[in-house]
Amino acid sequence: EAGVAQSPRYKIIEKRQSVAFWCNPISGHATLYWYQQILGQGPKLLIQFQNNGVVDDSQLPKDRFSAERLKGVDSTLKIQPAKLEDSAVYLCASSLDSEIYEQYFGPGTRLTVT
Amino acid sequence: AQKVTQAQTEISVVEKEDVTLDCVYETRDTTYYLFWYKQPPSGELVFLIRRNSFDEQNEISGRYSWNFQKSTSSFNFTITASQVVDSAVYFCALRGFTGANSKLTFGKGITLSVRP
Numbered sequence: 079e080a081g082v083a084q085s086p087r088y089k090i091i092e093k094r095q096s097v098a099f100w101c102n103p104i105s106g107h108a109t110l111y112w113y114q115q116i117l118g119q120g121p122k123l124l125i126q127f128q129n130n131g132v133v134d135d136s137q138l139p140k141d142r143f144s145a146e147r148l149k150g151v152d153s154t155l156k157i158q159p160a161k162l163e164d165s166a167v168y169l170c171a172s173s174l175d176s177e178i179y180e181q182y183f184g185p186g187t188r189l190t191v192t
Numbered sequence: 276a277q278k279v280t281q282a283q284t285e286i287s288v289v290e291k292e293d294v295t296l297d298c299v300y301e302t303r304d305t306t307y308y309l310f311w312y313k314q315p316p317s318g319e320l321v322f323l324i325r326r327n328s329f330d331e332q333n334e335i336s337g338r339y340s341w342n343f344q345k346s347t348s349s350f351n352f353t354i355t356a357s358q359v360v361d362s363a364v365y366f367c368a369l370r371g372f373t374g375a376n377s378k379l380t381f382g383k384g385i386t387l388s389v390r391p
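Residue numbers (the numbering used here), protein chains in the order written: chain A, 79 to 192; chain B, 276 to 391.
Any given hint could be a false lead.
Said to hold, decoys possible - Listed next, the in silico DSBU-like pairs over lysine-lysine satisfying Cα-Cα at most 35 Å (straight line): (1) K345(B) x K161(A); (2) K156(A) x K278(B); (3) K122(A) x K149(A); (4) K383(B) x K122(A); (5) K161(A) x K122(A); (6) K345(B) x K93(A); (7) K89(A) x K383(B); (8) K89(A) x K313(B); (9) K278(B) x K140(A); (10) K122(A) x K345(B); (11) K156(A) x K383(B); (12) K278(B) x K89(A); (13) K345(B) x K156(A); (14) K161(A) x K93(A); (15) K345(B) x K89(A); (16) K93(A) x K313(B).
To be verified - Sample of chain B residues with no beta-carbon within 12 Å of chain A, all distances over it, derived: (17) V294; (18) T295; (19) D297; (20) T305; (21) Q314; (22) S317; (23) S346; (24) V360; (25) L379; (26) T380.
Keep in mind that the hints were calculated from the coordinates and are not lab data. C-beta atoms are modelled at their ideal positions from N, C-alpha and C, and glycine is treated no differently.
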């Protein structure tokens, strides 16, 4: 079974530029999550989708971050414009459903904002 | 709000030593789940175990074992006869069921280095 795929793996941009990350969850997984992991910390949930609907985006900085999951499969997370403090690893995860099932994580995208 | 504390930040052991990673949690939910994840240098978080709040039985899986004690709000993880491949960052996480607690909350992680 293929795992969660993410691209790109690494991205370096200057502040005020925009960037987009892509995620393809495990086939059949209804729930998709985007996390931000700052160096030395645990992942922090940014947004959770159930199929193509948003379940929780309470910690998403909506003035600059946006995410979509068209057709309930792939998802894209965008930052526009980027700030220095957005430097982090962005992890995508998926689970069968949003209840008790464990989440499976992708390899992440390491973003450096200079 | 729920919280996970991993007081140890870095642990270094020699191969074949046993090592215990501590995890203390706080939640007001009566039903919750606890998890351990491993993050090797490649960056991908690997699921290790999930326990629910009603099951306090200890669990053993090969060299890994977990000790869940509700009385002390702890869910500790022991690696027996550690190996170099165990070197990684280990995260404890908590998921409740009410409102904001229904998201997965991670601790800051413990960096384990196993030296040959």
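Status of each hint after checking the structure:
1. K345(B) x K161(A): violated, 42 Å
2. K156(A) x K278(B): It holds: about 28 Å lies between the C-alpha atoms, which stays within 35 Å.
3. K122(A) x K149(A): It holds: about 25 Å lies between the C-alpha atoms, which stays within 35 Å.
4. K383(B) x K122(A): holds, 10 Å
5. K161(A) x K122(A): Holds: K161(A) and K122(A) sit about 18 Å apart, inside 35 Å.
6. K345(B) x K93(A): Violated. K345(B) to K93(A) sits at ~46 Å, over the 35 Å cutoff.
7. K89(A) x K383(B): holds, 24 Å
8. K89(A) x K313(B): This hinted pair holds, its Cα atoms lying about 24 Å apart.
9. K278(B) x K140(A): Within the cut-off at roughly 24 Å; holds.
10. K122(A) x K345(B): holds, 25 Å
11. K156(A) x K383(B): Roughly 25 Å between the alpha carbons, so the hint for K156(A) and K383(B) holds.
12. K278(B) x K89(A): Holds, at about 31 Å.
13. K345(B) x K156(A): violated, 41 Å
14. K161(A) x K93(A): holds, 5 Å
15. K345(B) x K89(A): violated, 43 Å
16. K93(A) x K313(B): holds, 32 Å
17. V294: Given that every Cβ of chain A is farther than 12 Å from that of V294(B), nearest at about 20 Å, it holds.
18. T295: Label holds. Min Cβ-Cβ 19 Å, cutoff 12 Å.
19. D297: Correct as stated: the minimum Cβ-Cβ distance to chain A is 15 Å, above 12 Å.
20. T305: With a cut-off of 12 Å, T305(B) remains clear of chain A, as the shortest Cβ separation is near 15 Å.
21. Q314: violated, 9 Å
22. S317: violated, 6 Å
23. S346: holds, 23 Å
24. V360: Holds, because the least Cβ-Cβ distance between V360(B) and chain A comes to about 18 Å, which exceeds 12 Å.
25. L379: L379(B) is in fact no farther than 12 Å from some Cβ atom of chain A, at 7 Å.
26. T380: About 8 Å separates T380(B) from the closest Cβ of chain A, which leaves it inside 12 Å; violated.
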